[in-house]
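We have chain Z; now place chain S onto it with these hints.
Keeping their order, the protein sequence lines are chains Z and S.
Numbering follows the working numbering, with no gaps: position 289 of the first sequence is 363.
Numbering follows the working numbering, with no gaps: position 44 of the second sequence is 697.
For the record, the hints were derived by calculation from the structure and aren't laboratory data.
Any given hint might turn out to be false.
What the hints assert, rightly or not - A few chain Z residues facing chain S, derived, Cβ under 7 Å:
(1) Tyr111
(2) Gly114
(3) Phe165
(4) Cys168
(5) Asp189
(6) Ser195
(7) Ile198
(8) Leu206
(9) Leu348
Yeah, the Cβ is synthetic: ideal placement off N, Cα and C, and Gly gets one too.
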Amino acid sequence: MSQAEVNNNQTAARHKSRGPGRGRLIEWALIGIVVLYAAGLLLAPLVAITWGALSEGTSAFAREIASTDAVSSLKLTLVMAVGATVINTVFGVCIAWVLVRDKFWGRRILNGLVDMPFAVSPVIAGFMLILLFGRTGWFTPLMDALGIKVVFALPGILLATIFISLPFVIREVAPVLSQASLEQEDAAFTIGAGRLRTFWHVTLPTIRWGLFYGVSLTFARAVGEIGAVLVVSGGISRLTETSTLFIFRSLDDRNYVGANAMAVLLAAISFLILLVIEFFKKRTEQTQTL
Amino acid sequence: MSTLPANVDAPKSIASTRPSLPWGKWGLRGTAFLYLGFMVALPLAAIIRSGFVDGFSAFWSDVTNPIAFAALKLTLTAAVIITIVNAVMGTLTAYVLVRYRFPGKGLLNAIIDMPFAIPTLVTGVMLVALYGPQRTLGAWLNSHGIQVIFATPGIVLALLVITYPFVIRAVQPVLMEAEQGQEEAAYTLGASKWTTFRRVVFPTITPALITGSLLCFARSLGEFGSVVVVAGNIPGVTLTAPVYVYGQIESQNERGASAMSILLLALSFTLIVTVEWLQGRDKGSHVSG
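Pulled out of the complex, with its shape left as it was, chain Z reads as follows (with noise of 0.2 Å):
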């Protein structure tokens, strides 16, 4: 990549030696066009809100996130996305693992499950759960006579969470895996290790920055949903009302500086995962072209 970046500089060096004053005006023009859209689209929002947020003043700012409506909902939110990083990691290590190296009759079908997620509006990710665990689910019998909630309960955000952020760590995964050279784990085999440890010790280090990338992804997705959680929460304040859930019911209820508030944070929070994110980013593509 970095080789491909010194070629483009160096043409557009040569470019900018070689071309007439009507070819650098368009260059600028073209850069200028881009700059002013994305700021316009992604900072200029970004901006208002923040002002929006501070110019009610900073102590009712803090109010809004210190009432115990908002911390509860952060609480929640951490928990349902650490939970369902954990659970899809797991899996989702395991999935790639068979989709990259096992080859079967299955494989297929398994890999075109695996991009449903990605499918489904998030609304319809929260409604096939009621339709399962619902008043007339499949399995309200059986989660009945267990005795749990699924639905307007936590187990019920924990699933949508789990579904809509799925497919992240495998998608991730898996290219990485099936880049990976076989030599070192069948060194490791010739030696007497067994799977397990040959997995842990020579495997997952290959794949780790890919892992972290796909696992920061799943994060910030989980964090940030709306739309499934709305549906299946039932959304009982400081019960099963997560952040983004926080700010709907604010905006519904006309609490606009609690909306900004909450939203300001969940902004900056995003921030610094994104942050996790582009240097994820940069050490899988290290990896990739090496």
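Leaving out everything else, chain S in the frame of chain Z:
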């Protein structure tokens, strides 16, 4: 790209030294099948069953009732518009990012991933903060007869923000790997920048551009979080298909919600499978060529 997945042609003799654990293999396969079966296949089965519970004619009347049909039409229209805009602006952005050097380029490259990280609902709230009728910019636009929030432009704007990265992230790597030699040759032969782009660069990036555009389209079909905040959700006017599904769930109309869901699902799944197929074909040609 030229490296084949190593496992495809692993020598048999070495492979045979691997510890063979048939139960381990089946255990992993079984886990993968059970997990995806329970988490993905079963919910799908439930929704299909629920949509067709009263037969096909009931399904058909559910998706063709005036409000459902208007919602579907709005969602498809908005998706077509944003796909076209993204195809143009995404390609331009990717081209500028790869071929030109300018201050702030690294920052621009980083903020393009922002829609992947920021919750969609937060995106919606941010747009209301900027274009809402009581805000400065929104009030100014309003006085000029342009309503953004609680109107169709708001929906298009929200979708544009959410789907901005797709075309860029599809086209960018292809542009980076593209041979500069051909472009250089075109310039040397006296071709203008525009002719070179049209005849040399564009054919190279076309598959990636199609992939990115299809992903945009599929993503915007299902978008909920940002749209529900900015759209106003007036039935028949600014109610999109996913928000329609939400409304039907809230009013306990399971069959109606399922019918629209099945339609949306079928559409976006077809698109995503097409993308997979295009990417697979693309990779295949790379390896053989």
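Each hint, compared with the structure:
no.: 1; hint: Tyr111; in the structure: holds (6 Å)
no.: 2; hint: Gly114; in the structure: violated (10 Å)
no.: 3; hint: Phe165; in the structure: holds (5 Å)
no.: 4; hint: Cys168; in the structure: holds (6 Å)
no.: 5; hint: Asp189; in the structure: holds (5 Å)
no.: 6; hint: Ser195; in the structure: holds (3 Å)
no.: 7; hint: Ile198; in the structure: holds (4 Å)
no.: 8; hint: Leu206; in the structure: holds (5 Å)
no.: 9; hint: Leu348; in the structure: holds (4 Å)
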